[in-house]
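Asks: Sequences and hints are given; from them, build the entire structure.
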Amino acid sequence: MNENPGALVPEIAPVVAAIAAAVAAGWIPRRRQWIIRAVAAAGCLAGLAATALAMLGSPGRVFDGSYAVDPATDAARVVVLGAALVVICLSVDTVAGERREAEFYILVLLASAGAVAMVGADDLLTLFAAYLLASIPAYGLVGLTRDPTGTEASLKYYLLGALFGIVMLAGATVLIGVAATSTYPGLQSALAGAPHTAVAFGVVAVTAGLLFKIGGVPAQFWVPDAIDGASTPAAAFVATIPKIGGLGAAWRFYTHALPAHAVNWPILMAVVAAATMSLGNLAAFAQTNVKRLLAYSTISQAGYLLMAITVAGRNGLAQRALWYYLAAYALTNLGAFAVVAELPAARTIADYRGMTRRHPALAAALTVCLLGLVGTPPTAVFIAKLEIFTATIDGGYTWLAVLAVANTVASLYYYLRWLAPTFLARPADRRDALAPAGTWSAVTAYAAAAGSLALGIAAGVALPLGAGRLLP
Amino acid sequence: MLSLITFLPAAAGVILAALPARLPAKFFLRAWVAVAAVDLALVVALWVAYNPHGGYAYGENLRWIPDAGVGYHVGVDGLSLPLVAVTCVLFLACGIYSLGETRRPRTYVCLFLGLQTVCVGLFAALDLVLFFVFFDLSIVGMYFVIAGWGHGEAARAAALKFFLYTFVGSLVLLLGFIGLYLAAKPHTFDIVVLTRADPLAGRGAYATVVLAAIAVGLAIKTPTVPFHTWLPPAHSEAPAAGSAILAGVLLKFGTYGFVRIAMPLLPGAWRAYALVFIIVGAVSAVYGALVALAQPNFKRMIAYTSVNHMGFVILGVGAAGVLAGTDAQSRSLAVTGAVTQMVSHGLITGALFLLSGVLWERTGSYQIDDHSGLAHRAPAFAGVTAVAALASLGIPGLSGFIAEFQIFTGSIASQVAATAVAVASIVITAGLFLRALQRMLAGPLRLPATGPDAGGRFADLTAREAVSVVPLLIVSAAIGVAPRWLLDVIEPAARHLVGLVAR
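If you read the protein sequences in the order shown, they are chains X and S.
The first sequence: position 339 = 339 (my numbering), numbered continuously.
The second sequence: position 83 = 1083 (my numbering), numbered continuously.
These are calculated hints, taken from the structure and not from any lab test.
Zero decoy hints are in this set.
A few chain S residues that face chain X, going by a derived Cβ cut-off under 7 Å, partial list only:
1. 1066
2. 1067
3. 1168
4. 1182
Beta carbons are placed, not taken as given, at the ideal position from N, Cα and C, and that holds for glycine.
Replies: Okay, here's the thing in structure tokens:
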């Protein structure tokens, strides 16, 4: 039995950094709060470094088979901790000097550790604990601004999270009850002979909890309110990182905890994916508030990502497509949020008029990120979409790929609605909506846009990193 | 060498973008002309050294995303080299024409340099994903050209329509490419490997679906009836240089896709559905000509004649898929004619759109009825416009005649009815061009009451305008009078393609 905590350094590092930050925040004066930020960034970097070492080692289960350290976990560590680092960078201009600066970083670190743990969980009870670790700090993040909309958004997020968490726990209880074990390998062998109704109920209930993290239909209601109500960095976080945990966990749960053909989950996922991408896109059409637009765009992107889960059991293409898409999406989406963070006074699409003249480089970054989210080559999301469409068609869901293509075209419309005003002349009588927030957000936006292009061009190197067999 | 030609303009664009925008406009515009001239010189060097019987030349095959079956594979043959050349000629002409541009010159030049890379890259691409990358980027680049430098608010609406419509086409095309990729064992996007393997031979319904996806994607770009509705607004609102590139180069992406991808990679399905393409081609030719006849707007009229001319190309490539009642020689003639038509249309329509830009700069109107008697004031403008119009309607001695003659000779063997219908459309085109020329150039002088030239002056072609337009017509005449230098390059590749289709 392997109980080596050294295998979990990438998960432990951000937690330790969070504790250190919490302790230090008490006696570090406000003007030196950058130390907290440095500690948080160091936690992420240490986790990334430990992941790089872990990738060289051999995969294995730790802690009584409850946690798997394998290529999927490593991919989640890279994407989640990397994305958390980007969030920390883009948040500086917004949260520096705030009363709750330290809390922001602590909650980001804890929720990130939770998201990674969801992917690594190889046991239903571990999965639920990770779900709580990923969710509860996120509720706090959304409510951190303590204004009425933020509080309302946080409450809504919390109530929905609690509801879906309970449903998920009920499903896990039933599955554990009929299988008499909670580990995934144990479930896989025991559920083959279990009553079909009980298994189906358990699977659907666990799926509900995962869909809450993913932001998929029917658990997507919190997404626009939480993103609109939270501060921009917190919005960037909840739009991007919980999804990674939810999708990775769904992958492992479907392919490793369920016997083949026990429940027809692929068709369930296909319907959910179709509904999620279409609903997100249709709702995004009417949005004029940029944060709500990004919120609905993130729902539709979750739909594309769920396509990879749909064909998870069918072929080897889907796994690397999922992880590559998650990395590409996280980078591109955070780039768009970084632009929003850089222009805090610009809340609506119309406020972006005149941006190309005023901030040409930032406008270029926004163009790359938004066209990147559509899937325009040579950005990373293009290769990701190519891979995910290929995997979906190869898995026998051509109709889903065709629907995704139709949705991609539809999404172009609302991204262009945002881009088009940036090229227009600025009306003279308007308040200055394009005042920049600082250099950190801007540099993050440039770096994310450049990274999105670089990841696409260097896809030959990055793509295989998401592959690799999971533990049986 | 091919990569140098492809990426030289983009690299120059990146350097120019890094320079401060307050440098004089002339500096950026002249830099564009210089880069385009160097690129053209390099292509001429390629052409001189090219061996028409050697298949793909100047190939480069690098690993890009080996796990996804994607490579950076480029090369040119007799089908693509003429199109690369016409691309470079047109960009140079547009660069010279745009020397007077004053609106945001740095961004304008960078966009066009980027577009040149995209256009050359597409014709050189021998990998489906690489082809798609350039295909999609051309849409993005042209969107910004139309929206940023077009004629006001209507231009933004037209640009949006253009982007959405052609983006649909590109994604449908991508689905088709994925279908080809999955059919090949091992999976690959490499056009040369896929051509050799013919992975969809004998896969009835699957091949039909893939061909349908690819054909719809390419037909939207070409455009053919019934997918042409994005074209007229995009053209009438775009700036002159944008229109010239859109019609002269971007439309060829569709037709080139047929000869480079649809025909050699799906020969069985192509033969089975050749009649569909023949009918679509003939209908496009007639429909484009009839709608052009009804246009009161000179630029929209030219835009619709593009639909007509692209219809001839589709007719030619469709006829090359009919084996019954034909021999390889006539099919090869049809393909040669189709490729010649792409070259010829690029030159002639590019010239016509630049001339319509001259008209707009003088009077701020494209309406045929607003103008009359221009020949009195501007004899050179009238003469050049007349030559371009005659070239477009296929007068012998200019390139259009050579192209259309070969298409019809190659198609008539098996497709008498469709060819007859298409030939009839030439009469309509002749009528509409002659009528427009007569109304605008002859008669008493009349100019729009408002516009930049409201005083009643209509200045003749300036040296800048003449130097940009006249060489296009000289090349067209060179093809029309002595076509061998072009046909010697195209014919071996066309014969090879016909052999592939007949497999």
